[in-house]
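A.B. asks: Sequence:
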Amino acid sequence: MAKESSYAPEDRLLRAILGIQVSTSKETCLKLPIGGRGRVIDVRWIQKKGGSSYNPETIRVYISQKREIKVGDKVAGRHGNKGIVSKILSRQDMPYLQDGRPVDMVFNPLGVPSRMNVGQIFECSLGLAGVC
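All letters in the sequence shown, in the order written, are residues 294 to 425 by the numbering used here.
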């Protein structure tokens with residue numbers, strides 16, 4: 294027998310009013326943990342095609358969170374390049390430009406030509422031209 298709280302609210306109401314066991318649906322909601330924050334970036338309502346009564350509709354909510362990056366996180370660029378954060382250094386340990394400003398992120402230069410990210414090479418070149 295399932296716990297009372299696992300039934301959908303309408304089933305609990307019918308059970309309380311009529312005193313009968315109703316098992317037409319079951320609540321399978323996932324909830325954001327207490328203290329969880331983020332911005333809703335997309336909501337998708339998915340209906341199963343066909344006459345299946347098992348899980349006929351699903352609503353997916355996509356939440357974006359800003360958080361500090363840590364070792365092991367996956368990052369992706371706008372040109373299809375992706376990588377894993379392998380080391381986090383303080384500002385004074387990072388390489389710096391001629392005017393003394395430190396760079397934000399360092400990519401392995403061997404990964405750019407082998408993956409044919411031509412757009413990334415152009416963007417880096419034009420960004421450097423804009424700084425100078």
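Hint data in this document are derived by calculation from the structure and do not stem from the laboratory.
Treat each hint with caution, since some may be false.
As the list claims (entries may be wrong) - Between beta-carbon pairs, the in silico distance windows are:
(1) VAL424 to VAL368: 42 to 48 Å
(2) GLN340 to VAL368: 20 to 26 Å
(3) ILE414 to GLN385: 14 to 20 Å
(4) ALA422 to PHE400: 29 to 35 Å
(5) LYS359 to SER407: 28 to 34 Å
Stated by the list, open to error - Derived SDA-like pairs (lysine to any residue); straight-line CA-CA distance at most 25 Å:
(6) LYS375 to ASP386
(7) LYS359 to LYS341
(8) LYS367 to GLN413
(9) LYS380 to GLN391
(10) LYS367 to LYS341
(11) LYS363 to ILE381
(12) LYS324 to ARG371
(13) LYS363 to LYS342
(14) LYS359 to GLN340
(15) LYS367 to PRO302
(16) LYS367 to ILE414
(17) LYS380 to VAL396
(18) LYS375 to ASP304
(19) LYS324 to LEU311
(20) LYS367 to GLN391
(21) LYS375 to CYS417
(22) LYS324 to TRP338
(23) LYS359 to HIS372
(24) LYS375 to VAL364
(25) LYS324 to GLN385
(26) LYS342 to GLN358
(27) LYS359 to LYS342
(28) LYS367 to PRO402
(29) LYS341 to ASP304
(30) LYS380 to GLU350
(31) LYS367 to GLU350
(32) LYS363 to ARG394
(33) LYS359 to ASP335
(34) LYS324 to GLY312
(35) LYS380 to ILE352
(36) LYS367 to GLN385
(37) LYS375 to ASP392
(38) LYS324 to HIS372
(39) LYS363 to LYS341
(40) LYS367 to MET387
Backbone N, C-alpha and C define an ideal beta-carbon position, used for all residues, glycine too.
A.B. asks: Of the numbered hints stated previously, which ones are contradicted by the structure, given in increasing order?
C.D. replies: Failing hints, ascending: 1, 2, 3, 4, 7, 10, 12, 13, 14, 15, 18, 19, 20, 25, 26, 27, 30, 31, 34, 35, 37, 38 and 39.
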